[in-house]
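Guided by the hints, dock chain B onto chain A, whose structure is given.
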Amino acid sequence: MSHEEREKLADQFLDAALKQYSAAEPRPGLETRILANLATATPRRLFAFPHIAWAAVAAFALLAITFGIWQHRRPAQSAHAPAAIEPSVPAPLPPTPAAPIQTTHNAAVATRRHRVPLPQPPVEEAMRQEQFPSPQPFSEDERLLLTYLRTTPREEVLVVLAQLQAEREEGMKRFNADPPLGH
Amino acid sequence: MLEQLALIEPSAVGENVAEAALEHLVRAHARLVFKIAYSVLRNHHDAEDAVQEVFLRVMRQRRDLSAVRDVRAWLARITWRVAVDRRNPPQLSDAETTAALEQLRSHAAGADHAAIGSQMLALTERLIANLPADLRDALTLSTVEEMTSSEIAAVLAIPETSVRTRLFRARKLLKEKLASLLEGKAL
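Residue numbers (our numbering), protein chains in the order written: chain A, 1 to 183; chain B, 1001 to 1187.
So here's chain A without its partners, still in its complex pose (with noise of 0.2 angstroms):
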C-alpha cells in the first residue's frame, strides 16, 4: 500500500468514525421524561391567586383583632358580679405591693380559668353602678329638707341647728341618768 492510498484510507476512515461519533440518537419519550422531570421540579405555589393570599391574611388578621378585643373585654364583664361569684369561687390573695395592679387582672384570669356553672346574680346586684356610694335620686324627705335650706335664711338654720343639738345633749343625759328597765 502506498502512501497515498494509506493517507486516503485514513481520510475515509476518519470521516466515517467522525460522523458516527456523535450518531446516537436519545432514547424514545425525552422530550416527555424532561418536562416531567421540569414538573416535579417546579416549586407549586400555595396559591396560584395573589390577592386570595392578601384576602386570606386580611381576614385572619381581622379575626384576631376580633378576638384580642373579646378577651380584653371578658374580664371586666366578670367583675361586674363578684358577690354572686365569690361563694363558689376561692377568693383571690390580697394585693402585694409588688404587683397591686396585676391583682386585679389575676383575679379575673382565676374566674376565667374556674369555669363552674355560677349562678344567675340578682337584679339588684346586676344593676349596682360601679362608683360609690351609689348615685340615687332623692328622696321625698331629701327633697323637702333641701327645699327647706335654700328657702330658709342662714341664721334661722343655725339657730334650728343649735336647739336640735341641744335637744341631742339633752336626751343623751336623760339616757344615761335613768336606770335600766327591769331594776
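Source of the hints: derived by calculation from the structure; they are not laboratory data.
Please note: incorrect hints may appear among the correct ones.
Derived SDA-like pairs (lysine to any residue); straight-line CA-CA distance at most 20 angstroms [to be verified]:
id, chain 1, residue 1, chain 2, residue 2
1, B, K1177, A, E7
2, A, K8, B, R1171
3, A, K19, B, A1020
4, B, K1172, A, A53
5, A, K19, B, T1143
6, B, K1177, A, R33
7, B, K1175, A, E167
8, A, K8, B, D1064
9, A, K19, B, A1122
10, B, K1172, B, L1123
11, A, K19, B, K1177
12, A, K8, B, L1173
13, A, K8, B, K1172
14, B, K1175, A, L30
15, B, K1177, B, A1122
16, B, K1177, B, T1161
17, A, K8, B, K1177
Because the structure is a prediction, the values reported are computed rather than measured.
The following block gives chain B in isolation, referenced to the frame of chain A:
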C-alpha cells in the same frame, strides 16, 4: 415564545405561559442538547442526565431569557458546560492505546467487519480523548451534525477562524495516527 417565557408573572396565567414556552423549548431543542451532551459524555444515561440538568437550569434562568438572542447557541453553551463538568476525562496511557491498535489489527486480519467497525469507533474515541483539550473540544462539537462553525465558536467563545484551524489540526493529528496504524507501526 421566549418573550412569553421571560415575562412570567406570579400568577396562574403567567405560570401557564411559562410552562407552554418551556415545553416549546424542550420539544424544539431536546435532541440537539442530547447530541451535544452525548458527544462529550459518550454514554446515553449520562447524556440524558445532563439534558435534564440543562432544562432545569433553563427553567431557573427563565427571567433572563429576554436577553437571549440565539436560543440554539445559548442552549448549546449551557449543555457544553454541564457536560464538561460531568465528564471524567479518560487518562489513557500510550500502552493502552497501543493495545487497542493491536486489537484492531488482529480483527482486520480476520476480516471481521462488524468487529472492525466497533473497534475503530472505540479507537477513535480513545484517540480523540487523547487530543489536546482545545483541539478535542472543537472536534467533539463538530461531530454533532447540527452544529455549525459559528455555533461552535459561540460555545467555545473563540473566533470562527480559530474553530476551523483547530479542526484542521485535530484531523491532521488523528489522520497521522491512523496512518501509522494502517502502516503497522506502533504509536
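Taking the hints in turn, this is what the structure says about them:
Between B:K1177 and A:E7 the alpha-carbon distance is near 11 angstroms, which keeps this suggested pair within the 20 angstroms criterion. Between A:K8 and B:R1171, the direct Cα distance comes to roughly 13 angstroms. Compliance with the 20 angstroms bound is thereby established for this hinted pair. The straight-line distance between the Cα atoms of A:K19 and B:A1020 is roughly 34 angstroms, outside the 20 angstroms bound, and the hint therefore fails. This hinted pair does not check out: B:K1172 and A:A53 have alpha carbons roughly 65 angstroms apart, beyond 20 angstroms.
Proximity of A:K19 to B:T1143 is assessed by CA-CA distance (about 6 angstroms); at most 20 angstroms being required, the pair is judged to hold. For the given pair, B:K1177 sits about 41 angstroms from A:R33 by alpha-carbon distance, which is inconsistent with the 20 angstroms threshold. Our distance criterion of 20 angstroms between C-alpha atoms is broken by B:K1175 and A:E167, whose separation comes to about 148 angstroms. A C-alpha spacing of about 49 angstroms is found between A:K8 and B:D1064, which places the hinted pair above 20 angstroms, so the restraint is violated.
The suggested pairing of A:K19 with B:A1122 holds, with an alpha-carbon distance near 13 angstroms, which does not exceed 20 angstroms. About 16 angstroms separates the Cα atoms of B:K1172 and B:L1123, which keeps this hinted pair within 20 angstroms; it holds. Of the pairs offered as hints, the one joining A:K19 and B:K1177 holds, with about 18 angstroms between alpha carbons and a cut-off of 20 angstroms not exceeded. At most 20 angstroms may separate the alpha-carbon atoms for a hinted pair to count; A:K8 and B:L1173 meet this at roughly 14 angstroms.
Distance check on the hinted pair: A:K8 and B:K1172 sit about 12 angstroms apart at the alpha-carbon level, within 20 angstroms; holds. Between B:K1175 and A:L30 the alpha-carbon distance is near 35 angstroms, which puts this suggested pair outside the 20 angstroms criterion. Our distance criterion of 20 angstroms between C-alpha atoms is met by B:K1177 and B:A1122, whose separation comes to about 14 angstroms. Taken as a hint, the B:K1177 and B:T1161 pair is broken in the structure, with Cα atoms around 25 angstroms apart against an allowance of 20 angstroms.
With a C-alpha separation of about 13 angstroms, the suggested pair A:K8 and B:K1177 falls inside the 20 angstroms cut-off, and the hint holds.
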